[in-house]
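Peer 1: Sequence:
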Amino acid sequence: MTAEIERNYGYRPKTENAGIESTVGSPKGSNSYGDGVPILGLRKGSHSLTKVGQRMYSTSTAAVKAKGLNGTELLSEMKVLSGKYTGLYNLISSEKLLLAAYHSIKSKTENFNHGADASNLDGLSPEVLKHLTEELRSEKFKFKPVRKELIKKANGKVRPLGIPSPVDKVIQKAMAILLELIYEQQFLPSSHGFRPYRGCHTALATVNRWKDTNWVIEGDIKGFFDNFDHKILIEHLEKRIKDQRFIDLVWKLIRAGYVEEGIKWDSFMVTPQGGIMSPILSNIYLHEFDEYMEEIISEYGSTNKDITKRNPAHDKITRRIQYLRDKYSKKKVPHEITNEIEALIKERNNMPARLPNGNRVRYVRYADDWIIGVYGSRELTEMIKVKAAEFLVKRLKVELSEEKTKITNLFSDKATFLGFYIRINKPKENNKVVTIFKGTKKKVKIGHNVIEILAPFSKIIHKLMELGFVEERKDSKIKYIPKAMKSWIFLDHHGILSRYNWLSRGFCNYYRNVNNVAIFHFIINYILRNSCAKTLARKLNLSSRKKVFQKFGYDLETLEKPKLKFYSEKNLKQKLEWNRVIDNIRPFDAVNWKLKTKTNFWDSCKVCGSRENIKMQSCKTSHKIR
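In my numbering, the protein residues as written are 1001 to 1626.
Watch out, some of these pointers could steer you wrong.
Listed next, the in silico DSSO-like pairs over lysine-lysine satisfying Cα-Cα at most 27 Å (straight line) [stated by the list, open to error]: (1) Lys1242 / Lys1397; (2) Lys1565 / Lys1547; (3) Lys1144 / Lys1079; (4) Lys1316 / Lys1079; (5) Lys1173 / Lys1242; (6) Lys1231 / Lys1387; (7) Lys1563 / Lys1479; (8) Lys1316 / Lys1305; (9) Lys1397 / Lys1483; (10) Lys1142 / Lys1079; (11) Lys1442 / Lys1231; (12) Lys1442 / Lys1573; (13) Lys1242 / Lys1142; (14) Lys1084 / Lys1140; (15) Lys1463 / Lys1442; (16) Lys1096 / Lys1144; (17) Lys1463 / Lys1570; (18) Lys1096 / Lys1242; (19) Lys1222 / Lys1404.
The hints are simulated quantities; they were obtained by calculation from the structure and are not laboratory data.
Could you put the whole structure together from the sequences, leaning on the hints where they help?
Peer 2: Listed below in structure tokens is the structure:
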């Protein structure tokens, strides 16, 4: 392979096994392969997708193939008594549901992080699942304490992250599957976080339709995942569930405690960020707040279709201007008439064309982040904020973060929601666009109440600098200089392009609907393209980016098949339709790629063909950007 690369590229790679993501020896450095075992999923034409790979080797007996579960079938197996569901615990105690739960989490890289007991999903077998079901049926099962880590945030503060034992995650996922089936039916459209076919884009699409909105309340609950009241949570669960053994299992999860720096604490920590149960439990807990906001909308929002009316004074001046223009259109206009028209236009420009004729209140929530849009007075907006804060404290016993919860006037400032900026478009008075009305081209003024969604350019550049794709030089004419990704130079040409293409596609898709989408021409076609060229130059011992582009072309196309090019959209224009079905994979996830996880649970061994004693093993290694 090295000889082939040297023949195709004309240069010897910096490592003898560059581009050979396969078999020999133990994993070294950033490589996540080795020990003579073929890696599943790395076939011709495929590329790495996730951070964890799996391999199967034989140590055991009969293989069992998992069968997919149908939500309707699961609901039918749960009985409904007096409007409450029962029979959940019996389902969780079945191998069928636990196996489905395992399949749904096994490919997610974060689920291979070990818990407080240093265990992981390696070695999971039919015997392990059988033992789990026996423990559950006898009610002897206990959740292990979660491992607590503090993750640094951009503002210098820390966010607690709870990492459960991976085997416990299987149980948690089974519980979450059943809770989602029960509660998804009653969640309101205003809730978008961690729900099927919903996500950041659907939440932002809703905000993007908020016309006639001049005030925004940015809401953030202080330490929500650590501080909410567990008794209130159980009250919410008992409204829909009548299964004491299932409720007891939730209490076991709450009381498991956590381990920090080797010391076990018995403090309740049911939904630290990172737990599988956190998303569904947070939605169940905050569903009552969603219902309360529906009441606020009904109470303070007008039912009128139009909440503005024409301003008579504005219309009177407009008619006078039109009269003067029509009267003197075919004659020489006296100087005093032109002066009068100019004075009238200035007077009209200082008054609104429409007057308020009611209020409008809107609300959207994504997990513990929420936003309220108000068309009305500042006093009304402040009153709604106070009412929302009081409800959260008195009824749900959580507090708003004073730092992050604020009122923003969209005409003078921009609000922040889910990492995007929101503001009202403010064109100049004389800005007009050409439109076709009934076959005739007409110039019309740009609207002054249109919501704009913007990508946070400075934050994206800062993140690229933090990860090592670019550096800032204040003493240079060019402020941002692309850099090679040193941790990727031991990949082959396909592997390097795959990761850069993930970033490029990610930016184009994740920020496809923002109004300032043109900034990604600079990010993609300058920073990422040139960073990719520098990475290839480092790998192939080429002296400059110029030689890389001369050899592989502007799109850095691979020489060997299957051909792969650097991805960039021809027209970086704003897409008007928002994605409806998305899983919210963010562009920077590519930085943590390793190997692809394949679904061959308890199939025959890929090395010797045996079906005896099949166990799953992960080949995960650390991979950090330096």
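Peer 1: For each hint given before, does the structure comply? Return the numbers of the non-compliant ones in rising order.
Peer 2: 3, 4, 7, 9, 11 and 15
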